[in-house]
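Peer 1: Following the hints, put chain B in place on chain A, whose structure we already have.
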Amino acid sequence: MEAKAGEIEYLNPVSPNKDKKLFVPAIGDLEGKTIGFLTNGWTSFNIMGEHIAQVLKSKFNIREMRIYAIPTSCAPAEGLLSKVAEECDAAIVGMAN
Amino acid sequence: MHLTSEKLKVVGDAAAVFDDLYKRGFTDGLPVIPPTEDAVRRMLEAGGMEPSELIAVLPPEGGPATAEKVAINAVMAGCRPEYFPVVVAAVRAVADPKFNLLGIQTTTNPVGPVLIINGPVRKALDVNCGRGCLGTGWRANATIGRSLRLCLLNIGGCPPGDVDKAIHGMPGKFTFCFGEAEEDSPWDPLHVENGFARQQSTVTAVAGQGTQNIYAAFHDPEAIITMVADAMAVYGNNGYLRAQGNPLVIFTPGHAKIFNDAGWSKSRIKAELFERTKIPRARIPRAVQLSKPIYLDFDDSQSCLLCPDEESILIVVAGGPEPYHVTYVPNFGTTLFSMAEIQ
Chain A
1 MEAKAGEIEY
11 LNPVSPNKDK
21 KLFVPAIGDL
31 EGKTIGFLTN
41 GWTSFNIMGE
51 HIAQVLKSKF
61 NIREMRIYAI
71 PTSCAPAEGL
81 LSKVAEECDA
91 AIVGMAN
Chain B
98 MHLTSEKLKV
108 VGDAAAVFDD
118 LYKRGFTDGL
128 PVIPPTEDAV
138 RRMLEAGGME
148 PSELIAVLPP
158 EGGPATAEKV
168 AINAVMAGCR
178 PEYFPVVVAA
188 VRAVADPKFN
198 LLGIQTTTNP
208 VGPVLIINGP
218 VRKALDVNCG
228 RGCLGTGWRA
238 NATIGRSLRL
248 CLLNIGGCPP
258 GDVDKAIHGM
268 PGKFTFCFGE
278 AEEDSPWDPL
288 HVENGFARQQ
298 STVTAVAGQG
308 TQNIYAAFHD
318 PEAIITMVAD
328 AMAVYGNNGY
338 LRAQGNPLVI
348 FTPGHAKIFN
358 DAGWSKSRIK
368 AELFERTKIP
378 RARIPRAVQL
388 SKPIYLDFDD
398 SQSCLLCPDE
408 ESILIVVAGG
418 PEPYHVTYVP
428 NFGTTLFSMA
438 EIQ
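If you read the protein sequences in the order shown, they are chains A and B.
Going by the numbering used here, the first sequence opens with residue 1, and the numbers climb by one from there.
Going by the numbering used here, the second sequence opens with residue 98, and the numbers climb by one from there.
Next comes chain A alone, as it looks inside the complex:
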């Protein structure tokens, strides 16, 4: 429908990524699961990771937490995320700072 008098019509500048998958199935019960911990090396995040690992083991009885190193300020190496998805049931990622 054309713009009426006194109206200005303009084009939306945003270009959304329509291929983006926003949701993945919930992991459900954590017992016996392998949880990945992707750390970019920030001291504060590693301290959090140690605490998270303790809680996940003692309270939720996970099988193990596997640590993966990712770069501080750029995307992880190609293939790493696929490897994590193969080896783990879920992952906790620390990005940026």
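Don't read these hints as lab results, they were simulated from the structure.
We treat Cβ as the ideally placed atom computed from N, Cα and C, and that holds for glycine.
Don't take every hint at face value.
Selected chain A positions facing chain B (Cβ under 7 Å, derived; list incomplete) [what the hints assert, rightly or not]:
1) T43
2) A69
3) T72
Below are the DSS-like pairs computed for lysine-lysine, each with C-alpha atoms no more than 30 Å apart in a straight line [claimed, not checked]:
4) A:K4 - B:K104
5) A:K20 - B:K106
6) A:K20 - B:K120
7) A:K83 - A:K18
8) A:K21 - B:K262
9) A:K83 - B:K262
10) B:K262 - B:K120
11) A:K20 - B:K195
12) A:K59 - A:K33
13) B:K195 - A:K83
14) A:K83 - B:K106
Peer 2: Just chain B now, with coordinates in the frame of chain A:
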């Protein structure tokens, strides 16, 4: 020419369009030109591009930078249609994986893309390469850089605060675009240094953290280089964290002449700067840092590097002619400069 973008409407004038776009979070805070269909078509026609042509995919959201979407943002920024090929090249340059746009878009660092234009396009579009080239007053400089910022916001999906986590940001995130004063330089310009013919036009994207002015008003090259190197040797700059990146030094034509008359090539300047910006580990505090810099476990006598090697330092000539002020643009570090030809 079929445009597919959603049409939005407001009642009122151009100011009402700005209000609407601002409320939606689609601007940089400054007034914009309404991206009407006619204006976007003119932009696309000037670039000779079909609306659906995919120029790049921009992080962090992975938004497709089609010609239509880039043109919309270029109109908003105030670009003339003839600037569009430069904007397209700039988008291509920053989307090169080696530039690490994902990191640059989302970091707490103030970094933003710095665009350097080379070749005949500078004169054709009146890109300022001389006095005030990093400042205000030239439409090409102001709007080409601004177009890129709007593309990064609206196509990359990077609103400041929510996704762009820059703690302070920096004014260059509005726009940071200038031309190299090739005609006033005794050296090969940046694009020729990197394999392009002088008659090709290019845009280079460098990830810059801001500007540092250095008042090196000497006529002695040794004194100039000493002062510039001392100003660059700041271990709080990201380059030292991982000895990565491309520090950028902008000399005036006057400084370039002093160096050249004394027989100093660009290569020699780069070598001197690389050597003189080494910082002994002993100077950097050993208190625990939140991140893990590469030099963390160096012994006191080991040198911390601004960048991996002397060739990583970029030198261009621009600005007013006087050999007074040098501008240093510290680099984000985890990035490499990227060049794209302007078609």
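Peer 1: K83 (chain A) and K18 (chain A): Cα distance at most 30 Å?
Peer 2: Holds: K83 (chain A) and K18 (chain A) sit about 25 Å apart, inside 30 Å.
Peer 1: Check the hint pairing K20 (chain A) with K195 (chain B) against an upper bound of 30 Å on the C-alpha distance.
Peer 2: Answer holds: K20 (chain A) to K195 (chain B) is near 23 Å, not above 30 Å.
Peer 1: Against the 30 Å threshold, does the CA-CA distance of K20 (chain A) and K120 (chain B) hold or violate the hint?
Peer 2: Given pair K20 (chain A), K120 (chain B) holds - Cα atoms ~25 Å apart, limit 30 Å.
Peer 1: For a C-alpha distance cap of 30 Å, please report whether K59 (chain A) and K33 (chain A) respect it.
Peer 2: holds (13 Å)
Peer 1: Holds or violated: are the alpha carbons of K4 (chain A) and K104 (chain B) at most 30 Å from each other?
Peer 2: Holds, because 13 Å separates the two Cα atoms, which is no more than 30 Å.
Peer 1: Would the pair K20 (chain A) and K106 (chain B) pass a check requiring their Cα atoms to be no farther apart than 30 Å?
Peer 2: Answer holds: K20 (chain A) to K106 (chain B) is near 28 Å, not above 30 Å.
Peer 1: Double-check T72 (chain A) for me: the hint is only fine if its C-beta lies closer than 7 Å to a C-beta in chain B.
Peer 2: Where the cut-off is 7 Å and the nearest Cβ of chain B is about 6 Å from T72 (chain A), the hint holds.
Peer 1: Given the hint that K83 (chain A) pairs with K262 (chain B), does the C-alpha gap stay at or below 30 Å?
Peer 2: Within the cut-off at roughly 28 Å; holds.
Peer 1: Given the hint that K262 (chain B) pairs with K120 (chain B), test it: the Cα-Cα distance must not exceed 30 Å.
Peer 2: This hinted pair holds, its Cα atoms lying about 20 Å apart.
Peer 1: Restraint: T43 (chain A) near chain B, CB-CB cut 7 Å. Satisfied or not?
Peer 2: holds (5 Å)
Peer 1: Holds or violated: K195 (chain B) and K83 (chain A), Cα atoms, limit 30 Å.
Peer 2: With Cα atoms ~23 Å apart, K195 (chain B) and K83 (chain A) stay inside 30 Å; holds.
Peer 1: Under the criterion that the straight-line Cα-Cα distance not exceed 30 Å, is the pair K83 (chain A), K106 (chain B) satisfied?
Peer 2: violated (47 Å)
The structure fails to meet hints 2 and 14 from the earlier list, while all remaining hints are met.
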